[in-house]
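The primary structure of each chain is shown beneath.
2 protein chains.
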Amino acid sequence: MNNFTFHNPTAVYFGEGTVARLGELARPYGKTALLVYGGGSIKKTGLYDQVLEQLASAGIRTVELSGIEPNPRLTTIHKGIALCRSEQVELVLAVGGGSVLDAAKAIAAGALYDGDVWDFCMQKAVIQDALPLGTILTLAATGSEMNGNAVVTNWEEKLKRAFGSKHTYPRFSILDPTLTYTVPADQTVNGVVDMMSHVFEQYFSLTPDTPLQERMCESVLQTVIENAEKALAAPDDYSARANLMWCGTMALNGGLISVGMQNDWASHGIEHEISAIYDIPHGAGLAIVFPNWMKYVCSERTDRFAQYAERVWGIERAGRTDEEMALAGIDATRAFFSRIGAPSTLADFGIGGEQLDRMAAEAVRFGPIGSFRKLEQADVKAILEMCL
Amino acid sequence: MNNFTFHNPTAVYFGEGTVARLGELARPYGKTALLVYGGGSIKKTGLYDQVLEQLASAGIRTVELSGIEPNPRLTTIHKGIALCRSEQVELVLAVGGGSVLDAAKAIAAGALYDGDVWDFCMQKAVIQDALPLGTILTLAATGSEMNGNAVVTNWEEKLKRAFGSKHTYPRFSILDPTLTYTVPADQTVNGVVDMMSHVFEQYFSLTPDTPLQERMCESVLQTVIENAEKALAAPDDYSARANLMWCGTMALNGGLISVGMQNDWASHGIEHEISAIYDIPHGAGLAIVFPNWMKYVCSERTDRFAQYAERVWGIERAGRTDEEMALAGIDATRAFFSRIGAPSTLADFGIGGEQLDRMAAEAVRFGPIGSFRKLEQADVKAILEMCL
Chain H
1 MNNFTFHNPT
11 AVYFGEGTVA
21 RLGELARPYG
31 KTALLVYGGG
41 SIKKTGLYDQ
51 VLEQLASAGI
61 RTVELSGIEP
71 NPRLTTIHKG
81 IALCRSEQVE
91 LVLAVGGGSV
101 LDAAKAIAAG
111 ALYDGDVWDF
121 CMQKAVIQDA
131 LPLGTILTLA
141 ATGSEMNGNA
151 VVTNWEEKLK
161 RAFGSKHTYP
171 RFSILDPTLT
181 YTVPADQTVN
191 GVVDMMSHVF
201 EQYFSLTPDT
211 PLQERMCESV
221 LQTVIENAEK
231 ALAAPDDYSA
241 RANLMWCGTM
251 ALNGGLISVG
261 MQNDWASHGI
271 EHEISAIYDI
281 PHGAGLAIVF
291 PNWMKYVCSE
301 RTDRFAQYAE
311 RVWGIERAGR
321 TDEEMALAGI
331 DATRAFFSRI
341 GAPSTLADFG
351 IGGEQLDRMA
361 AEAVRFGPIG
371 SFRKLEQADV
381 KAILEMCL
Chain S
1 MNNFTFHNPT
11 AVYFGEGTVA
21 RLGELARPYG
31 KTALLVYGGG
41 SIKKTGLYDQ
51 VLEQLASAGI
61 RTVELSGIEP
71 NPRLTTIHKG
81 IALCRSEQVE
91 LVLAVGGGSV
101 LDAAKAIAAG
111 ALYDGDVWDF
121 CMQKAVIQDA
131 LPLGTILTLA
141 ATGSEMNGNA
151 VVTNWEEKLK
161 RAFGSKHTYP
171 RFSILDPTLT
181 YTVPADQTVN
191 GVVDMMSHVF
201 EQYFSLTPDT
211 PLQERMCESV
221 LQTVIENAEK
231 ALAAPDDYSA
241 RANLMWCGTM
251 ALNGGLISVG
261 MQNDWASHGI
271 EHEISAIYDI
281 PHGAGLAIVF
291 PNWMKYVCSE
301 RTDRFAQYAE
311 RVWGIERAGR
321 TDEEMALAGI
331 DATRAFFSRI
341 GAPSTLADFG
351 IGGEQLDRMA
361 AEAVRFGPIG
371 SFRKLEQADV
381 KAILEMCL
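If you're matching them up, the sequences are chains H and S in order.
Each residue of the first sequence is one higher than the one before, starting from 1 at the first, in my numbering.
Each residue of the second sequence is one higher than the one before, starting from 1 at the first, in my numbering.
Incorrect hints may have been included.
Reference excerpt, derived from the structure (chain H facing chain S, CB under 7 Å, subset only) [unchecked claim]:
1. Leu212
2. Met216
3. Thr223
4. Trp265
Rough simulated footprint, nothing fancy, chain H against chain S, three-plus residues with beta-carbon under 8 Å [to be verified]:
5. 10-17
6. 207-216
7. 220-230
8. 241-248
I should point out that these hints are in silico values taken from the structure, not numbers from a laboratory.
Since this is a predicted model, take the numbers as computed values, not measurements.
Idealized CB from N, CA, C, for every residue including glycine.
Based on the sequences and whatever the hints tell you, model everything.
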């Protein structure tokens, strides 16, 4: 186990009806909130009205920024930052899924920064401060509700980049599983793939002596697998939705399940290059990439992959080598993704091989990616070819 | 899963050498620290000197309170509170195991309270504020380094009582596994039993639909079991000590592993009555009580006990009823405790049945205890009789 620092100051309010606490939670932060949301589904469900009512009851004036895109765009974030400045916003409140939350983080950090918020994504500047952020989650997926990370897309440059900071942890996050009842099946699937992928990035690690962390990772994976099909079969199954929601949070809450482990994140890097160009859903891209990444790198540590196959998928060790176990576990992953309806190839989106070189080059812009195996440009291209 | 709030603001600095960060971590809190420690073992190991040096380098004046007892006493805590007031202490720094940390929490809360700190233990008052608290942990056991709980013994009244508050979470905790190399075998064992017992109190619950939480509990238990004998065989095995230390923290860090589950805590209540009278180590008392509590209550939910036997102890289901599984799991628990050298009966401490009625009456002073099965005075007495 490596040395580590862990500090996750986000307060989580979990369960049916917890939106009713918004007023009391927001009140201490000031008089004006920027409400950040997406395409308006929160208006159909009544959540929008409830949020406005809660804020009004707390004496908070609301400024709005709607229309956050599924891969949130820098241009939209710039609008939010301008609103924060012109309206003296004191609290940013994100209501939506990971994209809305990520946009809100970029807005909160950008509002207190003199340069362009994109600098944080391009590693040209480090976040020193941010406006307080609260969130109401409507989609179980990214874990953004309990970490300081965000992903932003610069559509002009066709670049998708992440930043992370201790200043962009939400002060509070409201997680009501019933808000995910209306999430369409494909988005539920993308969320499932996303949270599983977050665990994979942490679990497949070369760091020795991390038995508790490995088991925590396996616990999240098993619970996601157990509940995904239940939620798809009955979208208003409270237990399934609640378990998925909490799994999504635990999968990436400041690294708790992998403290002291070197993480990888190469597959996320590769997927970001795909969705930066083709604007496909992040979870869908991960479903395509991850099993191929696994096949490409599993020889680095077949024992970990064999453990994965046995503990997560219940594949019997008897009569199998570690290599056979590893491949069986990877096959089980692909089979599960297909069973829940996730795509398995770029061709499923009509994407061909034209941009592979560009994507591979962009993926390693800051140097080789990953740590389980360091991937050079040629490796990334090889994995992308497996995705065709 | 029940609704829940989770908020754990403690920052953890984990790993060999992290004591060297004390100065920078303590500096923001002020000019005077109260250093709270136990019997002086920190002077033998050199930790005491390092702490003083770190505080001095940060420009912090140090006031000392040494001699905190294994079951920390109210009279000692009163001395600490008086020191905080007379010396204008701004930071309480606990260096030691759970007892030292608990005493420091009581001091930190008592220093800002006009009445007697014992009021918090007797539910006569609620903590409204506390001095900032930092900790350096030297014993893996109680989880006090990452929660707001403390246990205090009032020796005059022979009462041992707990309190918990969001104000008494440490601001920072330094966890260096090498500091536990010198922990004697019996204290290592008591720590192992204590952390396992914390998990038991959360895991044996009637709350339905908590699969991730159950697996997290099982993960901690499996990892403790796997590492306990390694640490006993080689006290300076870094990996074993590090895993035990992190398991102790995860076992009781604000309830993370059991969010949304009703907890029990009856066995802790019963043990507190034993050690309040006989001053035996808390972990030793728990080793005696817990398997007997398990036997007394397991019929409430044999499926959970059967799951425990299978997942934690690897006992095969084939050919066994849930009842047989449950009993096999309880037997495995007792066998493990005995194997690592924990006591199994009150007679091991020369304690007879003279005070059973008094202990049973005190345990239910505020009403029946526990939630897995509510225990009345007669139930507590029955369990205590099983401990003789």
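Against the structure, the hints:
no.: 1; hint: Leu212; result: holds, 4 Å
no.: 2; hint: Met216; result: holds, 6 Å
no.: 3; hint: Thr223; result: holds, 4 Å
no.: 4; hint: Trp265; result: violated, 21 Å
no.: 5; hint: 10-17; result: holds (count 8)
no.: 6; hint: 207-216; result: holds (count 6)
no.: 7; hint: 220-230; result: holds (count 5)
no.: 8; hint: 241-248; result: holds (count 4)
Violation of the numbered hints given earlier is confined to hint 4; every other hint is satisfied by the structure.
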